[in-house]
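A.B. asks: Sequence:
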Amino acid sequence: MSKPEISVPVTVNIKTSINQADEFESFSFTENGKIVKIGNVQYLRYVEHGQDGTATPVTFKISPNGNIQLSRHSSSDVHINFVLTDETLTRYPSPAGNIILKVNTTAIKQVLTNNPQTGEIHIKYTLASDDDVLIGNYEVNLTFVENN
Numbered sequence: 001m002s003k004p005e006i007s008v009p010v011t012v013n014i015k016t017s018i019n020q021a022d023e024f025e026s027f028s029f030t031e032n033g034k035i036v037k038i039g040n041v042q043y044l045r046y047v048e049h050g051q052d053g054t055a056t057p058v059t060f061k062i063s064p065n066g067n068i069q070l071s072r073h074s075s076s077d078v079h080i081n082f083v084l085t086d087e088t089l090t091r092y093p094s095p096a097g098n099i100i101l102k103v104n105t106t107a108i109k110q111v112l113t114n115n116p117q118t119g120e121i122h123i124k125y126t127l128a129s130d131d132d133v134l135i136g137n138y139e140v141n142l143t144f145v146e147n148n
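In terms of the UniProt record's numbering, the sequence shown has 86 at position 86, counting the first letter as 1, and numbering is strictly consecutive.
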């Protein structure tokens, strides 16, 4: 028997910071989305609209144990598992084939409330190549609030 799905429309505010090779970039945007609860797991889903007109579906899977999985679905799908105490691996598609990257989550915080449905997600992590060359430091700050 499948678990019932509860879906609530939300407004999502996202800020990402990227520090690669002494270059710093920061992006902020607001999107409409929904928080979906299936069993004990919550999924924050929204479509990120790029300045170039691209639309990228994004999902944050928020597990009760504190782990978070980020999935971005575009011409090259990316899935990153954020686990505070473990190094995880991800595949990044490139024209030359998949590149294996190491993900080290240095901070992770999630605060979720019901009635109204609101939340905050904060993730800091590093990406390194399979041979341990640091690619960059990243930070995601995301809040969402139920639409009235």
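The reader is advised that the hints may include incorrect statements.
Pairwise CB distance ranges (calculated) [said to hold, decoys possible]:
hint, residue 1, residue 2, range
1, Asn148, Arg91, 36 to 44 Å
2, Asn40, Ala107, 34 to 42 Å
3, Thr85, Asn148, 17 to 25 Å
4, Phe29, Asp130, 25 to 33 Å
5, Gly53, Lys109, 26 to 34 Å
6, Glu5, Val111, 33 to 41 Å
7, Phe29, Thr85, 13 to 21 Å
8, Glu25, Ser71, 17 to 25 Å
9, Asn115, Asp22, 41 to 49 Å
10, Phe27, Asp77, 34 to 42 Å
11, Glu87, Thr11, 13 to 21 Å
12, Thr54, Asp86, 27 to 35 Å
What the hints contain is simulated information worked out from the structure, not anything from laboratory work.
Quick caveat, the model's predicted, so the values are computed rather than measured.
Glycine included, C-beta positions come from ideal geometry on N, C-alpha and C.
A.B. asks: Each hint should be assessed against the structure and marked as holding or not.
C.D. replies: Consistency of the hints with the structure:
1. Asn148 - Arg91: 36 to 44 Å: holds, 40 Å
2. Asn40 - Ala107: 34 to 42 Å: violated, 23 Å
3. Thr85 - Asn148: 17 to 25 Å: violated, 39 Å
4. Phe29 - Asp130: 25 to 33 Å: holds, 31 Å
5. Gly53 - Lys109: 26 to 34 Å: Check passed, 33 Å falls within 26 to 34 Å.
6. Glu5 - Val111: 33 to 41 Å: violated, 22 Å
7. Phe29 - Thr85: 13 to 21 Å: violated, 31 Å
8. Glu25 - Ser71: 17 to 25 Å: holds, 22 Å
9. Asn115 - Asp22: 41 to 49 Å: holds, 45 Å
10. Phe27 - Asp77: 34 to 42 Å: violated, 20 Å
11. Glu87 - Thr11: 13 to 21 Å: violated, 34 Å
12. Thr54 - Asp86: 27 to 35 Å: holds, 32 Å
Going through the hint list in order, the structure does not satisfy hints 2, 3, 6, 7, 10 and 11.
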